[in-house]
Amino acid sequence: MDTDPAGDFSELIRLAGEKAYNFAYRLAGNEPDARDLVQEAFVRAYAHFGAYDRHRPFETWLLRILHNIYLDGVRRYAHGHTVSLDAPAPAEETSWEEILPGGDGDLTAEMERRENDALLQKAMESVPLHYRTAVTLCDMEDLSYEQIGEVMSCPVGTVRSRIHQGRILIKAAYERLERKGAPR
Amino acid sequence: MSHEESPWLSSLLDGELPDAERSRIENHLRRCPDCARELLELRRVKALLSGAARRPLPAELIAAIEARVERRPSFFAALRRLAAAPLVWAPAAALTMAALLMTFWMRSLDRTPDEYVPLGPLLAAHSRYVAESLIPEDNLVAESYSAPDASDQGSN
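Sequence order for the protein chains is A and B. Numbered per numbering that gives the first Met the number 0, the first sequence spans residues 0 to 183. Numbered per numbering that gives the first Met the number 0, the second sequence spans residues 0 to 155.
With the rest of the complex left out, here is chain A:
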């Protein structure tokens, strides 16, 4: 970062961007908000890059910034509206055609995959945010418990219980939606 900070930062955007984007999507529940979150997180990371400890993974630091931005946004929104951190996120309105490759594969299998993913997202959005965040970081973004603790600013013991409880809640929600034949 000594010679061309903006150029080197572009490399970090490409390395950590996909993880940040998917995490943001699972938090926000829709793509426009996920894009705004990721953009704001990278801009803040760049502005405060001097505070980044280079001995630690960049993506953990970035995800922590992103998580804090999201929490700030939820709290600010809550000032004018009746919402809580435990409330489910807004429903996804983006079509799956934009997400998944298609056209030349088995259409039925692809449709089934889309439906399962939509169901899973809906199930995740029905559980409180701190459970969803811990499970997302562990199972979808492949972070260790210690890294999750850094992102969520909580001890490993708390991470441990949130992941366990979160999986149980997501499983129950998923099965409930499956039984009901949830709207896709």
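If you're looking for bench data, these hints aren't it; they were derived computationally from the structure. Cβ coordinates follow ideal geometry from the N, Cα and C atoms, glycine included. Mixed in with the good hints, there may be bad ones.
Once the Cα atoms are required to be at most 30 Å apart in a straight line, the calculated BS3-like pairs of lysine-lysine come out as [to be verified]:
id, chain 1, residue 1, chain 2, residue 2
1, B, K45, A, K170
2, A, K179, A, K121
3, A, K170, A, K121
4, B, K45, A, K179
5, B, K45, A, K121
Okay, the calculated bits of chain A under chain B, using three or more residues with CB under 8 Å as the criterion [to be verified]:
id, region
6, 39-53
7, 126-139
Keeping the supplied structure of chain A fixed, place chain B upon it in accordance with the hints.
For chain B alone, coordinates are given in the frame of chain A:
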């Protein structure tokens, strides 16, 4: 199921248990079908989540981030750019030097003469000079040469 081992099953699944704790939970699982079943359920949930669709980072989002980063350089990047620009440094150095000189000059105006000229020794020397100049020349000579001459005394 509410076995005390239950909360540890997810940690076991994630490889996040210390060795001693892992042995204890694994021993329990051999004897407890409920916990073994729960572990299986947790594994299914984890597989479902791990296999969920990944969204690629949109190219236009990368471009938007890069554009904002280039428009708004970090504090440290701004410092580095400043350091690398002699046309900025030269006037800045001149201004700093001028400000320093001005500060010293302004402070010197506030001082009494005693603070910056050591007058004590000067006054003492001046007094000695005045006192000596008042002594008649004969006396000065007499004083200067009044010391007894050892050779004269010896000859007496």
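Status of the hints after comparison with the structure:
1. B:K45 / A:K170: Judged against 30 Å, a Cα distance of about 9 Å means the pair holds.
2. A:K179 / A:K121: Within the cut-off at roughly 13 Å; holds.
3. A:K170 / A:K121: 12 Å, holds
4. B:K45 / A:K179: 22 Å, holds
5. B:K45 / A:K121: 16 Å, holds
6. 39-53: holds (count 7)
7. 126-139: holds (count 5)
Checked against the numbered hints given earlier, the structure satisfies every one of them.
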